[in-house]
Structure formats: C-alpha cells, structure tokens
Amino acid sequence: MASIVSMAVPHDAAVAHRRSEARIAWMLVLPAMALLFLFVLLPVAAVVVLGFTDFELGYGKFRFVGFENYAHLITDRTFRKSLWNTTVYTAIVAPISILLGLGIAMLIESETKARSFFRTAYFLPVASLIVAMATVWQYMFHPTIGPVNALLALVGLPGPNWLGSSGTVLYSLSIIGVWQSAGFNMVLFLAGLTAIPRELYAAAEVDGARSSLDRFLLVTWPMLGPTTLFVITISITNSVKVFETVKTLTDGGPNKASEVLLFTIYQEGFVYLRVGYASAMTVVFLLILVVLMFLQYRVLDRRVHYT
Amino acid sequence: MSALSLRGITKAFGGNQILDGVSLDVGAGEFIALVGPSGCGKSTLLRVLAGLDHADRGEILIGGQDMSGVPAADRNIAMVFQSYALYPHLTASENIAVPLAMRRLSRIQRLPFIGSLTPGQRATRAAIARDVRDMATSLKIDHLLDRKPGQMSGGQRQRVALARAMVRQPSIFLMDEPLSNLDANLRVHARGEIVDLHRRAGVPTLYVTHDQAEALSMADRVAVMMGGKLLQISSPEVIYDDPAHIEVARFIGQPRINLLPAFAEGGVILCGGLRLTLENAPDRKMPVTIAIRPEFVFLSKNRHDGLAARIERVEFLGCEVILHCRLEAIGETIVAKVQPSEASGLVAGDSVGLRLSPGRTLIFAEDGSRLPGGVATGDAWLGAADAGLANSDAGLAASDAGLASSDAQPERAHG
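Quick mapping for you: the protein sequence lines, in order, are chains A and B.
All residue numbers for the first sequence refer to the working numbering, where the first residue is 738 and numbers rise by one.
All residue numbers for the second sequence refer to the working numbering, where the first residue is 159 and numbers rise by one.
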C-alpha cells in the first residue's frame, strides 16, 4: 500500500509540473500570436474580403460583387500594362543587382586595405532615403543639364530623355533600382563569403583548381548556395515592390510607360479611392509574391547545400 | 636524389620571423614527422611547400626541380588538412574524385550539363569512378561513398580526406595534424593505418604534428621545430636518447625530461647544494642544465640510498607509476617513472632515495646546446655527494655514490 502511494505522488507532481510549464509557454507565446494575428493575418483577410466588394472610401455602404473586380482586372489595360512593366523591371533589376552584388562582394573580400571603405560606400544607397536620392537621380538624368547626358555628349552620343520618354523611362528606373539594391546584395554576399572556411580554397588549389574560376565553381558558388537563395528571394520581392522611384520621379508616366503594380494599386486605392478594386489588385500582387517564393524554395532549395 | 629538398626557407609575417632558414631533405619513400609546439611554424612550412604561401627566401626542389613560381595545382602534392577541408556540398565519392576530375577533364568537360556532350567525357568519368571506388575499397570506406561529410563521423571524414589525397599518385604527401580532431582511441588506431598506407604507397610523406608520441611512433625520421628553426632531424631513437638541444629534450618524451639547473666547474657539476660528478663534465666554469629522463631515475625506499627526496604526487598508470618528487637538498622537482611493483605502498609525503643513471644524464649549456660528450659514462651511480652541508667550494670530492647527508636540509640555503 505504502509503495503505491509513494509512486503515485511523484507521478501527480510530474503531471502538474508539465501542466504549469505548458501554461507558462502559452502565456509567453500569446503576445506574439496576438500581434501576428492583429497586424498580419487580419489585414490580409480584410484585403481578401474587400476584394470581393465594391467598397469605395467615403461611401458608407458596400455590397459583395463576387469575382466582378477580378473579371474587370483581366480586361483593365492599365493593370495589364503595370503587370508587364513590373515583370520587365524585375527581370532587369533582380539578376543584374544579384550578379553585381556578388561581383562587388568578391572584389571587396579580396581587398585588404580599403575593405571597410568600399563596404560602406556600396552600402550607402541602402542606408540613404530613396525619396531624397531620387532628386539627385532626377538631376543626373535631366536631358539638358544632367551630367549623364553631358558625359554622353562628350563622347559624341546623343543622350536620350531618360525619364521623360516612354521608350527609356523603365530602363532608367531599372538603373536606379540596380544602384539601390546591389549594395544590399553585396553585404549579404559578403557575409556569406566570410563564412566559407579558408582551408577549402587551399584544398581546392592542392586538388588542382588552377584558376580562380575553377575555385569559384568548386568552392565559392556551392558554398554560397543558401546566401544566394536568400538574395534571389529578397531581390525579386524588392523589385516587384518598386514604388518610391516611380512615385517621386515619373508618377507612372509618360503615358503609363512606368506604371508598376504597387503604383497602380496606390492610384486606385488612394487617388480614386476605389478600395474594393485596389484590394483585388493587392490580392493578385500577394499571390504573385507567394507563387514566386514557393517556386524558388521548391526549385532552388533542392539544389542548395546547407552545412 | 631526394624526393624533396628545402633549402634555407625563410618567411616573416609583419616582422614576425615564422620560418628561419629551414633546410630539410626527404628521401624517396621516407616518412618524416615535423613536430613542434603550436605556433612554431610547422604548418606555415607545409603551406609554403604546397605552394599555398610563398617563402621570402629559400628554394624548394621536388624531384630535383625548382618549385619557385609553380602554383599549388601544378606541384603534384597531396595534402590532408587538420580540418580535413572536405567539400561539404559533395558526397564522399565526389570529394575523392575532385583531384582526378581537375586533372583529367577540361573545364568544359567538368561543366554539369554541357560537359556530358563533349567527346571522351563519359569514358574519363567512368575511369575516375573506377579509381575512386578502388581507393575507397582499399580504405574500407566504400559504404560511405554516397554520404556527404556532414553525415559522417570524424574518423570517417578523416579517411575520406586521406582517400582524396591518395587517389592520385602525388610526388609528396603532406599531412597537417590529420589525427588531432579524433578521439584518443581512434587516434592511436589511425596512426598504424597511416603508417601502413604509407608503406604500401611508398610516397614520401611529411607529417606535421604537435604530438611527440605520434612523431616518434610513426616516422622514419623526426624533425623537431621550434621558433621557426629545425633544431634536430634524426631517427626517433636518436631524437629521444640523444637530443641535440635542450628544447628537443624538453619537448620529446612523456612525462617530460627532468631538468636541473647546475653549475659546471673543474670537471664536476654542482647542482644547487649538490655535487654531482660526471666523467665528462666540462672543465670550464659555466652554468649548465643537467637532464635525465624519468625512466632513468631509479627509486629506493631508503632515503639514504641516493638523493633524498619527498614524494609529492603518485600517478598510477597501470603498467607504470609516475612519481613526482622534490629533492630535499635543492628543492627542485624530479619525476621518476618506475614499475608498479617498485612503487607499491608509496604515497605522497614518503621519503625515498633517488639515483640517476649516469650513462643517461645529458648536459646542456646555457644557450641550450648539448655539451659535447654530454652523455655521462661511468660505472658509478650518479649520486649526491655530501649535500653541501658545508657548502664549501673546496668541495668534498666525495664522488662515491653514497650519500651522507641525511641532515642536509636544515642547512640548505636555497634551491
């Protein structure tokens, strides 16, 4: 009898202990969960719901219109134009800024003396306010007084109207986009490069990797896999989300040649106040991002080696 | 002609002399252990040899050919790194195949998709795969070939690193502390395996280690390095029994050699208050250090038999017992390695008598060099004659082994 009692007591104590531990765990998690729900999940749900309504800011009531907004989106020429422009912008900015970031990072990594200077210099665009820097770019790209065209004139080339012509505006914005994100990618790659053990390069050399290209292919590139995947994700997301330069420099013009997704959503929601329609666009925008992320992690993750 | 010759290799890093005129010859099929404390420059020497670093001065000859300006990839040197430096994203078989692929395939042929379209690539790949498999079989790692380094134990990784180095026929084999990341049991086992592999392959090997036991047990010749200089290059027996420098004596041997500060004068050596007589003691008056290995310190339970000492610590190691004693006359610590039967019943605090084997006593000058003929010979046990009771320099020439001074202690001035 005594033995049964003595066994039962610690068992109960263990259960009680486990329960109190679980309670404390929930209490600790609760604030984060509440905030996540309030500020992330709820707004997304609200956008999805609003996308099925004809809600306009200023009108008291709205009704559900089903997929009418989405049907309208397909035929909306402005939306299709902005979708295309965003695709072009991303297709230019993401790969160039990734390759440039990697190249600069490798140059800085091999530099010993002025390493911190170059690191800071290339990181400046990330740290500076893009709206403020936009005025600088506006001056740089100015067709008559801008230094870019002045330089071209020196060589005897006719400078285009960078931001003012519908044929070049998207490329001009892409240049600014590359300038903006190459430094950020550089910092990420630099972190990845410093994490590669030096001995691997020594081993590669002894193993017969004669040129730096051989060593890059054998060591650097595969070892940077996780970093590269992250940089690709961040670069594409940031390119799809381009807005400030468009808003401050071109306002989507000329003739909608620089309309991008976020700018169109902004116009619909905050200028024309058609919140329902803008919400439908936002849902499409979010879906594009989700699909991109999913594809990247599905396709690339398998090819990446994590140590 | 030696397989490898180093001539006056010198290298400095920012004013720090890392390598100071290192010269070394490795004969065909020879296994040389380069041993020294960490930071003595042995790994730098290996890197210079491999072509990963450049010497400020000196020349390297491999098979008689000058290697200056020859990049690491073209030196046909294989190296095993301390961290193994396996490519973590490649499987074991891919890791082992790297040196072969780098040499037998062009860069185009190595490319993932385009490479398979080039002529001859398939046949070469098959030959590489065969060689990798043969190598893996001979090292008994064929079951690991599909695993990545992250899925292997330290010992398995070490074997893969060995396989990667051995899969081609290098002219020199360099190993940079390849066993230091293994646990003690595995390390002793792996020692034997590396020696076996070396015997089978016959490739001259330079083996860097900080473990003197590894160096002594594996190598044909041991090169002891200190402060960027090679102090002695000899067979393990000579390095152990007949060290050329006090640092070599100090570094080699476990437990460490006993060193006692002494003074040589007129053919006798004064050690503190003790007067030791050695046949070949230098005639000049000079400070010296006498050195004797723990196994040549003999124990008597009678404290009047030899040098009187008090046991401070007893280390029982199973097959032997290490006694840490303090010499009563001069206060110096001396370590004796004895058979368990001799030490039975002894505990810390006991008084014993110690005798030093005269034929095994080494004498070093103040600058650390061995005094010529430093190994004392003579039929008498070396003992303390009159532990300086009177301390008169006139000296009681009592060199007969007996020890009179049981009451030396109270009068001793200093140790």
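Calculated from the structure, these hints are not laboratory results.
Be a bit skeptical, because a hint or two may be false.
A few chain A residues that don't get close to chain B, going by computed Cβ distances all over 10 Å [stated by the list, open to error]: (1) PHE776; (2) THR790; (3) GLY797; (4) LEU891; (5) LEU937; (6) ARG947.
To give a feel for the contact side, a few chain A residues facing chain B, derived at Cβ under 10 Å [what the hints assert, rightly or not]: (7) LEU794; (8) GLY795; (9) ALA928; (10) LEU930; (11) THR931; (12) TYR938; (13) ALA939; (14) ALA940; (15) ALA941; (16) GLY945; (17) ASP951; (18) VAL956; (19) ASP1038; (20) VAL1041.
These figures come from a predicted structure and were not determined experimentally.
Glycine included, each C-beta is placed from N, C-alpha and C at the ideal position.
>> If we take the beta carbon of A/LEU937, is the closest beta carbon in chain B still more than 10 Å away?
In response: Violated, since 5 Å does not exceed 10 Å.
>> Next item in the hint list is A/LEU794. Is there a CB on chain B closer than 10 Å to its CB?
In response: It is violated, given that the least Cβ distance between A/LEU794 and chain B is near 53 Å, above 10 Å.
> Should the hint that A/ASP1038 touches chain B count as held when the rule is a Cβ pair under 10 Å?
Replying inline: violated, 14 Å
> Regarding the assertion that A/GLY797 does not contact chain B, is the least Cβ-Cβ distance greater than 10 Å?
Replying inline: The assertion about A/GLY797 holds, with a minimum of 61 Å to chain B.
> Minimum Cβ distance from A/VAL1041 to chain B below 10 Å?
Replying inline: At 9 Å from the nearest chain B Cβ, A/VAL1041 passes the 10 Å test, so the hint holds.
> Closest CB-CB distance from A/THR790 to chain B, is it above 10 Å?
Replying inline: holds, 51 Å
> Do the numbers back the hint for A/ALA941, that is, is its least Cβ distance to chain B under 10 Å?
Replying inline: Interface hint status for A/ALA941: holds (8 Å vs cutoff 10 Å).
>> According to the definition I'm using, a residue is off the interface if its beta carbon is farther than 10 Å from all beta carbons of the partner; does A/ARG947 meet that for chain B?
In response: violated, 4 Å
>> Hint validation: A/ALA939 versus chain B, beta carbon distance must be below 10 Å. Holds or violated?
In response: Where the cut-off is 10 Å and the nearest Cβ of chain B is about 5 Å from A/ALA939, the hint holds.
>> Take the shortest C-beta to C-beta distance between A/ALA928 and chain B; is it under 10 Å?
In response: Constraint on A/ALA928 not satisfied, violated at 18 Å.
>> Would the non-interface assignment of A/PHE776 survive a Cβ cutoff of 10 Å against chain B?
In response: holds, 38 Å
>> Would the hint on A/ALA940 be counted as holding, given a Cβ-Cβ threshold of 10 Å to chain B?
In response: Result: holds, 4 Å to nearest chain B Cβ.
Comparing the model with each numbered hint stated earlier shows that hints 5, 6, 7, 8, 9, 10, 11 and 19 do not hold.
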